[in-house]
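Participant: This is what each chain is made of:
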Amino acid sequence: MRIHQLTFGLIPGDAVSNSTVAIKAQLQAWGVETAIYAQHVAPQLREHALPDRQFLPFLESGEDLLLFHYSIYSPNVRLFQAFSGRKVLIYHNITPAKFFTGWDSQQAALCSMGRNVLKTMTRCDLAVGDSAFNCRELIEAGFDPAQTAVLPLFLTLPEPVENGRTTSKTPSEKATWLTVGRVAPSKAIEDVLRIFAIYKHNINPNAELFIVGSLGVTAYVEALKFLIDDLSLANSAHLVGLVSDSQLEAYYRRADLFLTASQHEGFCVPLLESMVYGVPILARHSSAIPETLGEAGVLFEDLGYEAVAEMAHLLISDPAIRQQVIEKQYQRVASFNQERAAASLRAVLHRLDIPLGE
Amino acid sequence: MRTPKEEAAAIHIPNPALDEAAIRAKVAEMLATRRYLPDVAHIGPEKLRPGNTAVAQPTTETLNRLMIELMAQEPLHEKPFTSTVPILGPVIAAFRTAWNGLSTRWYVLPIMQQQARLNQQMLLVLNELAQRQELDTQRIAELEAQLHPKEK
Chain A
1 MRIHQLTFGL IPGDAVSNST VAIKAQLQAW GVETAIYAQH VAPQLREHAL
51 PDRQFLPFLE SGEDLLLFHY SIYSPNVRLF QAFSGRKVLI YHNITPAKFF
101 TGWDSQQAAL CSMGRNVLKT MTRCDLAVGD SAFNCRELIE AGFDPAQTAV
151 LPLFLTLPEP VENGRTTSKT PSEKATWLTV GRVAPSKAIE DVLRIFAIYK
201 HNINPNAELF IVGSLGVTAY VEALKFLIDD LSLANSAHLV GLVSDSQLEA
251 YYRRADLFLT ASQHEGFCVP LLESMVYGVP ILARHSSAIP ETLGEAGVLF
301 EDLGYEAVAE MAHLLISDPA IRQQVIEKQY QRVASFNQER AAASLRAVLH
351 RLDIPLGE
Chain B
1 MRTPKEEAAA IHIPNPALDE AAIRAKVAEM LATRRYLPDV AHIGPEKLRP
51 GNTAVAQPTT ETLNRLMIEL MAQEPLHEKP FTSTVPILGP VIAAFRTAWN
101 GLSTRWYVLP IMQQQARLNQ QMLLVLNELA QRQELDTQRI AELEAQLHPK
151 EK
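From first to last, the protein sequence lines stand for chains A and B. The opening residue of the first sequence carries number 1 in my numbering; numbering runs sequentially from there. The opening residue of the second sequence carries number 1 in my numbering; numbering runs sequentially from there.
Bear in mind the hints are in silico, worked out from the structure with no lab data behind them. Treat the numbers as computed from the prediction; the structure is a model and nothing was measured. Cβ atoms here follow ideal geometry from the backbone N, Cα and C, with glycine treated the same way. A hint or two may mislead.
When the alpha-carbon atoms are kept at most 30 Å apart in a straight line, the in silico BS3-like pairs for lysine-lysine are as follows [what the hints assert, rightly or not]: (1) K5(B) x K169(A); (2) K24(A) x K119(A); (3) K174(A) x K79(B); (4) K26(B) x K169(A).
Only part of the chain A face toward chain B is listed, based on derived beta-carbon distances under 8 Å [as the list claims (entries may be wrong)]: (5) A197; (6) H201; (7) E306.
Okay, the calculated bits of chain A under chain B, using three or more residues with CB under 8 Å as the criterion [unchecked claim]: (8) 1–7; (9) 129–136; (10) 221–231; (11) 320–331.
Bound conformation, chain A alone:
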């Protein structure tokens, strides 16, 4: 009996890719014969995965188990559907196509196809989501609630960093805002920029904002550049792009505030990274964000730019509020660890009567 993992791609710095590789390591530790197959594999991750066509000889392996990671439409959906053994769908969420309409027709088409195809994938032994939010979407797509479960992402987070970030700042000191994630319309970076503009022009003229994440949706990025100019933020708001892990750590260590206005998240790993680095979080109350935060961070439920900017100011400058928020974030992030994820994976495999070593 083998456990195969099939995914769209393995990409450095991508949470789903990291989780896939970590699951492989965990399965090997339990003595299971396992491999990852992907349509796209980044050169630096080739040691972890095989091209998905190499999965073809296993299609008729009725004794095997297939874990299929689904986060975007990919032709290898057909391999999942054709596999004759037991299969588990791991749903990482797909951004609704409406966010890309008018910006990136290819992404819109892939997201639309991805969500439509999800409805045809209900014939599986189990469907799991990495949040309760994702599980609800599975049920809405037609999956049997009794055959769904939450399987947390396998995250490799650093140890919490307590480096004096609890220190508050006065409006005359430089304040650094950070937002991390793919620069895409669903992340509503324009709202981040507008909130920051209010703060910068009315509260703290020494503030700066770093927007870190891949700049793949070029039309949207170009529009954001126009907005940055129009808001007179050319010298203080920076579209950084994709960075290495060490550079990302440096941005977190430097940040006084993490802000996300994202309108759609299946989980949102940057929230946990902010917790690790002691950066207070201000986030839009949307999709899976409240679930990931638990009792940590601060949420805004609808958008008054000025009110959110004033809350950001409190999180940066009020020592009592800042300290309480950061402390709760440390407590929250402690509950996300590999042991918990491994126990959940064991429970999922146990439901399918898969024998595992200790």
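Starting from the structure of chain A, add chain B where the hints point.
Facilitator: Structure of chain B alone, referenced to chain A:
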């Protein structure tokens, strides 16, 4: 028009150790006393204004439809040999498969893969050009409106 208190009610503090009402009151107090400039909601490209995101223009809709039709084309792949000849059909198909493997497959397959990569890349380029064109058109219209406000 919402009052500062109503604006501050959008803030939610999930941490029970913090006094949500007191924090909202602080925010409301600052909202009431500070005079904010500029009016950020009405600045920037039209597509990025509140309530205006994700609006496809008619020309873009046509391009989007064509792009999706292109993407929906079956990717290049090898077709298995078949034969409708009774009884001998499977033998004929197997012979042709074997002969193809020996004579041409090694040569044709890399060309097919190269073509598939090219097709994918062309789609990306076309897509980006279409999006950039739409954005430029909108930007020109906005700048023209700023230059000639009375003609609007």
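Participant: Starting from the hint list further up, note which numbers the structure goes against and sort them upward.
Facilitator: 3, 8, 9
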